[in-house]
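Student: For the record, the sequence lines run as chains C and Z. Per our numbering, residue 1 is the first one in the first sequence, and the count goes up by one each step. Per our numbering, residue 145 is the first one in the second sequence, and the count goes up by one each step.
To be clear, the hints were calculated from the coordinates, so they are not data collected in a lab. A portion of the hints provided could be inaccurate.
As the list claims (entries may be wrong) - 25 Å max Cα-Cα, derived SDA-like pairs, lysine to any residue: (1) C:Lys130 to C:Asp119; (2) Z:Lys565 to C:Arg88; (3) C:Lys60 to Z:Glu415; (4) C:Lys110 to C:Lys26; (5) C:Lys60 to Z:Ile503; (6) Z:Lys565 to Z:Gly515; (7) Z:Lys534 to C:Ala18; (8) Z:Lys482 to Z:Pro460; (9) Z:Lys171 to Z:Lys146; (10) Z:Lys543 to C:Ala25; (11) C:Lys60 to Z:Thr310; (12) Z:Lys534 to C:Thr21; (13) C:Lys60 to Z:Pro505; (14) Z:Lys152 to Z:Gly464; (15) Z:Lys534 to C:Lys110; (16) Z:Lys534 to C:Ile31; (17) Z:Lys550 to C:Glu98; (18) Z:Lys230 to Z:Thr250; (19) C:Lys14 to C:Ile2; (20) Z:Lys534 to C:Lys130; (21) Z:Lys534 to C:Glu98; (22) Z:Lys420 to Z:Val510; (23) C:Lys4 to C:Pro80; (24) C:Lys26 to Z:Leu578; (25) Z:Lys197 to Z:Pro564; (26) Z:Lys354 to Z:Thr310; (27) Z:Lys565 to C:Lys130; (28) Z:Lys158 to Z:Ile527; (29) C:Lys13 to Z:Ile231.
Stated by the list, open to error - Label-pair distances were calculated between CB atoms; the ranges are: (30) C:Glu138 to Z:Arg512: 46 to 56 Å; (31) Z:Glu361 to C:Gly139: 17 to 27 Å; (32) C:Asp121 to Z:Gly554: 29 to 39 Å; (33) C:Ser108 to Z:Glu341: 38 to 48 Å; (34) Z:Ile500 to C:Leu34: 45 to 55 Å; (35) C:Leu34 to Z:Pro505: 50 to 60 Å.
To be verified - One side only, chain C facing chain Z, incomplete, derived with CB under 7 Å: (36) Asp38; (37) Ile44; (38) Ser67; (39) Thr69; (40) Ala82.
Ideal Cβ positions, reconstructed from N, Cα and C, are used throughout, including at glycine.
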Amino acid sequence: MIIKQISIFVENKKGRLAEITETIAKSGANIRALSIADTTDFGILRIIVDKADDAAATLKEAGITVSVTNVIAIGIDDTPGAFSVPMRILSDAGIDVEYMYAFITRKSEKAYVILRVADNDTAAKVLMDKGVELLDEEGFHSLM
Amino acid sequence: MKHQIWNKEMECMKRSDLKALQLERLKALVDYCDKNSKFYHERFEKNGITADKIKTLSDIQYIPYTTKDDLRDTYPFGMLSVPQKKIVRVHASSGTTGNPTVVAYTREDLDNWAEQVARLVYAAGTTDESIVQICFGYGMFTGALGLHYGLERIGATVVPTSSGNTEKQLKFMRDFGTDTIVATPSYCLYLAESARERGIEFPMDSYKLKTGLLGSEGCTPEMRKQIEESWGNGFFCTDNYGMSELNGPGMSGECMMRDGLHINEDHFLCEIIDPKTGEVLPEGSEGEMVVTNLTKRGLPILRYRTKDITKINYEPCECGRTTARMHKIIGRSDDMLKIRGVNVFPSQVESALIGINSISPHYQLVVRREGFADNLEVRVELIDASLLEKYSELENLRKNIHDRIKNILGIEIKVSLVEPKTIERFTGKAQRVLDLRNK
Numbered sequence: 001m002i003i004k005q006i007s008i009f010v011e012n013k014k015g016r017l018a019e020i021t022e023t024i025a026k027s028g029a030n031i032r033a034l035s036i037a038d039t040t041d042f043g044i045l046r047i048i049v050d051k052a053d054d055a056a057a058t059l060k061e062a063g064i065t066v067s068v069t070n071v072i073a074i075g076i077d078d079t080p081g082a083f084s085v086p087m088r089i090l091s092d093a094g095i096d097v098e099y100m101y102a103f104i105t106r107k108s109e110k111a112y113v114i115l116r117v118a119d120n121d122t123a124a125k126v127l128m129d130k131g132v133e134l135l136d137e138e139g140f141h142s143l144m
Numbered sequence: 145m146k147h148q149i150w151n152k153e154m155e156c157m158k159r160s161d162l163k164a165l166q167l168e169r170l171k172a173l174v175d176y177c178d179k180n181s182k183f184y185h186e187r188f189e190k191n192g193i194t195a196d197k198i199k200t201l202s203d204i205q206y207i208p209y210t211t212k213d214d215l216r217d218t219y220p221f222g223m224l225s226v227p228q229k230k231i232v233r234v235h236a237s238s239g240t241t242g243n244p245t246v247v248a249y250t251r252e253d254l255d256n257w258a259e260q261v262a263r264l265v266y267a268a269g270t271t272d273e274s275i276v277q278i279c280f281g282y283g284m285f286t287g288a289l290g291l292h293y294g295l296e297r298i299g300a301t302v303v304p305t306s307s308g309n310t311e312k313q314l315k316f317m318r319d320f321g322t323d324t325i326v327a328t329p330s331y332c333l334y335l336a337e338s339a340r341e342r343g344i345e346f347p348m349d350s351y352k353l354k355t356g357l358l359g360s361e362g363c364t365p366e367m368r369k370q371i372e373e374s375w376g377n378g379f380f381c382t383d384n385y386g387m388s389e390l391n392g393p394g395m396s397g398e399c400m401m402r403d404g405l406h407i408n409e410d411h412f413l414c415e416i417i418d419p420k421t422g423e424v425l426p427e428g429s430e431g432e433m434v435v436t437n438l439t440k441r442g443l444p445i446l447r448y449r450t451k452d453i454t455k456i457n458y459e460p461c462e463c464g465r466t467t468a469r470m471h472k473i474i475g476r477s478d479d480m481l482k483i484r485g486v487n488v489f490p491s492q493v494e495s496a497l498i499g500i501n502s503i504s505p506h507y508q509l510v511v512r513r514e515g516f517a518d519n520l521e522v523r524v525e526l527i528d529a530s531l532l533e534k535y536s537e538l539e540n541l542r543k544n545i546h547d548r549i550k551n552i553l554g555i556e557i558k559v560s561l562v563e564p565k566t567i568e569r570f571t572g573k574a575q576r577v578l579d580l581r582n583k
């Protein structure tokens with residue numbers, strides 16, 4: 001129930017995002033979801049792609065600081081209050097969320113959230129026990 | 145702590161007697177140069193200087209400075225003050241840019257040089273019982289032969305292995321029972337690490353190394369600690385200083401107190417000046433060191449601008465010596481930056497960055513004028529991708545670097561994390577400063 005995510009260190013300078021995404025394009029990987037957060041000097045670009053290892057290797061070769069980490073992805077109903085349910089479950093289990101970002105697809109009525117937590121396995125277990133939908137790599141990419 | 149002094153008469157002289165001796169030698173030197181050195185004779189004539197004009201030590205200020213360019217312009221033998229047949233040895237600096245600088249020695253010069261070095265190595269704990277391996281490259285460079293003759297002078301057993309061939313260096317160290325090493329700090333550390341790598345075959349206790357006489361490049365306290373821990377077994381190293389223009393190693397060196405480098409003041413008269421204006425600064429000030437070699441005759445040099453920034457402490461030392469002590473070189477006047485009135489050297493920033501593994505060894509200083517204030521930005525390359533998971537870790541890294549540098553420099557700075565390989569690489573001397581204040 002784990003999905004690979006790529007984190008990329010991006011300096012805040014003109015054209016840098018274009019260069020980095022061009023490098024990802026060169027690896028032939030397709031971006032499925034992304035998030036970027038920034039401070040005044042630098043940002044961290046986080047992406048989920050269909051070929052995570054290829055993309056990471058190409059980025060590394062280009063001298064970019066990049067890491068591959070495991071995250072979890074959950075599906076939630078498109079109704080008011082639906083997102084609060086998994087949040088409450090994690091909170092009750094004492095699991096902190098480091099960051100998250102959401103996306104939707106054309107193939108499903110649901111909304112999806114990528115979650116980065118300290119302990120993926122425990123988080124996945126408590127969420128599934130309470131009936132929350134978790135995606136594995138295959139399930140995730142079949143949505144696209 | 146046991147302190148041993150090679151030449152008590154000269155090293156523990158009353159300061160007033162020492163100053164009288166320096167004055168007497170300075171007058172003799174000026175007179176000698178006037179009569180024997182074409183170069184200085186012309187300079188003196190132009191500036192109206194004669195030996196009679198030197199009545200106190202501060203009268204040295206009438207004499208213009210000598211620079212590296214003077215030596216280059218007179219390459220190779222234009223500054224000789226004796227016929228070539230009186231010269232018994234020649235050395236030269238590397239000369240990475242333009243002509244090398246050539247220095248030449250009479251027999252008397254070599255004798256003085258050996259005496260100067262003898263004092264420093266003796267102060268650092270070396271004796272006639274010591275077995276000393278000299279891992280400086282022999283050749284035109286003054287380091288190896290300078291230490292060589294000084295060590296022979298005190299009666300040590302000299303092993304002139306020269307530089308390189310780590311395997312053989314370590315073998316001789318084990319087989320001969322070498323207890324003292326002469327090397328650059330970086331090579332000394334490299335040898336220690338290489339010795340550890342071979343620890344299974346030859347454990348560290350197969351080495352008797354106790355003393356390191358390090359020189360020819362700077363050594364921060366952090367690096368010294370690393371070298372000493374790496375050799376272990378109570379390995380203790382001292383720093384010594386000199387430059388080929390002033391003989392070579394032998395001008396100054398640390399005693400066992402390691403609280404400044406004792407200057408052989410009966411041979412060297414040192415001044416501290418403002419590198420920008422050339423003005424002589426009061427005792428105790430920090431600035432560029434200017435040195436007159438009082439006893440050199442083959443190729444005399446008066447008021448040589450070393451470009452090295454330091455300060456001199458004239459207080460007597462606990463070791464018993466009365467000679468002044470110069471602070472470890474703080475930086476080079478060519479890359480000194482003045483920011484909000486504070487002197488800043490790239491080397492200080494470098495020492496703050498040692499041991500931080502999340503960044504590459506490359507860094508850059510950018511100075512900007514914003515409004516009426518000068519701002520310093522230190523750019524470092526992030527190489528540790530594992531920090532990308534938490535902003536707080538990147539911020540902690542930045543704060544740690546910021547605090548370390550601010551502690552050393554004493555001014556507020558900004559630290560920027562940049563991508564790997566974005567700071568320019570240099571094959572020769574690194575150009576670490578980008579000063580945009582007047583752009």
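Student: Does each hint fit the structure? Answer for all of them.
Tutor: Hint by hint, here is what the structure shows:
For the given pair, C:Lys130 sits about 17 Å from C:Asp119 by alpha-carbon distance, which is consistent with the 25 Å threshold. About 44 Å separates the Cα atoms of Z:Lys565 and C:Arg88, which puts this hinted pair outside 25 Å; it is violated. For a cut-off of 25 Å, the pair hint linking C:Lys60 to Z:Glu415 is broken: about 53 Å separates their Cα positions. As the CA atoms of C:Lys110 and C:Lys26 are separated by approximately 31 Å, the hinted pair breaks the 25 Å bound.
The straight-line distance between the Cα atoms of C:Lys60 and Z:Ile503 is roughly 16 Å, inside the 25 Å bound, and the hint therefore holds. Between Z:Lys565 and Z:Gly515, the direct Cα distance comes to roughly 31 Å. Violation of the 25 Å bound is thereby established for this hinted pair. Simply put, Z:Lys534 and C:Ala18 have alpha-carbon atoms about 24 Å apart, close enough for the 25 Å limit, and the pair holds. Between Z:Lys482 and Z:Pro460 the CA atoms are separated by roughly 32 Å; this puts the pair beyond 25 Å, and the hint is violated.
Using a Cα cut-off of 25 Å, the hinted pair Z:Lys171 and Z:Lys146 is violated, with the two alpha carbons roughly 37 Å apart. Restraint check for Z:Lys543 and C:Ala25: the C-alpha separation of about 35 Å exceeds 25 Å, so the hint is violated. A C-alpha spacing of about 34 Å is found between C:Lys60 and Z:Thr310, which places the hinted pair above 25 Å, so the restraint is violated. Only pairs whose Cα atoms come within 25 Å are accepted, and Z:Lys534 paired with C:Thr21 is accepted, the gap being roughly 22 Å.
A hinted pair counts as satisfied when its Cα atoms are at most 25 Å apart, and C:Lys60 with Z:Pro505 qualifies at roughly 19 Å. The suggested pairing of Z:Lys152 with Z:Gly464 holds, with an alpha-carbon distance near 9 Å, which does not exceed 25 Å. With a CA separation close to 29 Å, the supplied pair Z:Lys534 and C:Lys110 exceeds the 25 Å bound. Restraint check for Z:Lys534 and C:Ile31: satisfied, since their Cα atoms lie roughly 22 Å apart, inside the 25 Å limit.
Note on Z:Lys550 and C:Glu98: the hinted pairing is violated, with a Cα-Cα distance of about 31 Å set against a maximum of 25 Å. For the given pair, Z:Lys230 sits about 6 Å from Z:Thr250 by alpha-carbon distance, which is consistent with the 25 Å threshold. A hinted pair counts as satisfied when its Cα atoms are at most 25 Å apart, and C:Lys14 with C:Ile2 does not qualify at roughly 34 Å. Under the criterion of a C-alpha separation no larger than 25 Å, the hint pairing Z:Lys534 with C:Lys130 is inconsistent with the structure, at around 28 Å.
At most 25 Å may separate the alpha-carbon atoms for a hinted pair to count; Z:Lys534 and C:Glu98 meet this at roughly 7 Å. Annotation: proposed proximity of Z:Lys420 to Z:Val510 holds, straight-line Cα distance about 21 Å (limit 25 Å). Under the criterion of a C-alpha separation no larger than 25 Å, the hint pairing C:Lys4 with C:Pro80 is inconsistent with the structure, at around 29 Å. Distance restraint check for C:Lys26 and Z:Leu578: the Cα-Cα separation of roughly 34 Å exceeds the 25 Å cut-off, and the hinted pair is therefore not satisfied.
For the suggested pair Z:Lys197 and Z:Pro564, the alpha carbons sit about 60 Å apart, so the restraint of at most 25 Å is broken. With a CA separation close to 18 Å, the supplied pair Z:Lys354 and Z:Thr310 stays within the 25 Å bound. With a C-alpha separation of about 48 Å, the suggested pairing of Z:Lys565 with C:Lys130 is violated against the 25 Å cut-off. A threshold of 25 Å between alpha carbons decides the hint, and for Z:Lys158 with Z:Ile527 the separation of about 56 Å lies outside it, so the pair is violated.
The straight-line distance between the Cα atoms of C:Lys13 and Z:Ile231 is roughly 60 Å, outside the 25 Å bound, and the hint therefore fails. Range check, C:Glu138 to Z:Arg512: Cβ separation about 52 Å, and the 46 to 56 Å hint holds. Judged by the Cβ atoms, the range 17 to 27 Å given for Z:Glu361 and C:Gly139 is violated: they are separated by roughly 60 Å. For C:Asp121 and Z:Gly554, the hinted distance range of 29 to 39 Å is not satisfied, since their beta carbons lie about 49 Å from each other.
At roughly 57 Å, the beta carbons of C:Ser108 and Z:Glu341 sit outside the given window of 38 to 48 Å. Distance hint for Z:Ile500 and C:Leu34: a CB-CB separation of about 31 Å, inconsistent with the stated range 45 to 55 Å. At about 33 Å, the beta-carbon gap between C:Leu34 and Z:Pro505 misses the expected band of 50 to 60 Å. Using the Cβ-Cβ criterion of 7 Å, the hint placing C:Asp38 at the interface with chain Z is not satisfied: the shortest such distance is roughly 10 Å.
With 7 Å as the threshold, the beta carbon of C:Ile44 comes within range of chain Z, its nearest partner Cβ sitting at about 6 Å, so the hint holds. Contact between C:Ser67 and chain Z, as hinted, is supported at the beta carbon level, the nearest pair being about 4 Å apart and thus within 7 Å. Restraint check, C:Thr69 versus chain Z: the minimum CB separation of about 6 Å is within 7 Å; hint holds. Residue-level restraint check for C:Ala82 is violated (minimum Cβ-Cβ distance to chain Z is 27 Å; threshold 7 Å).
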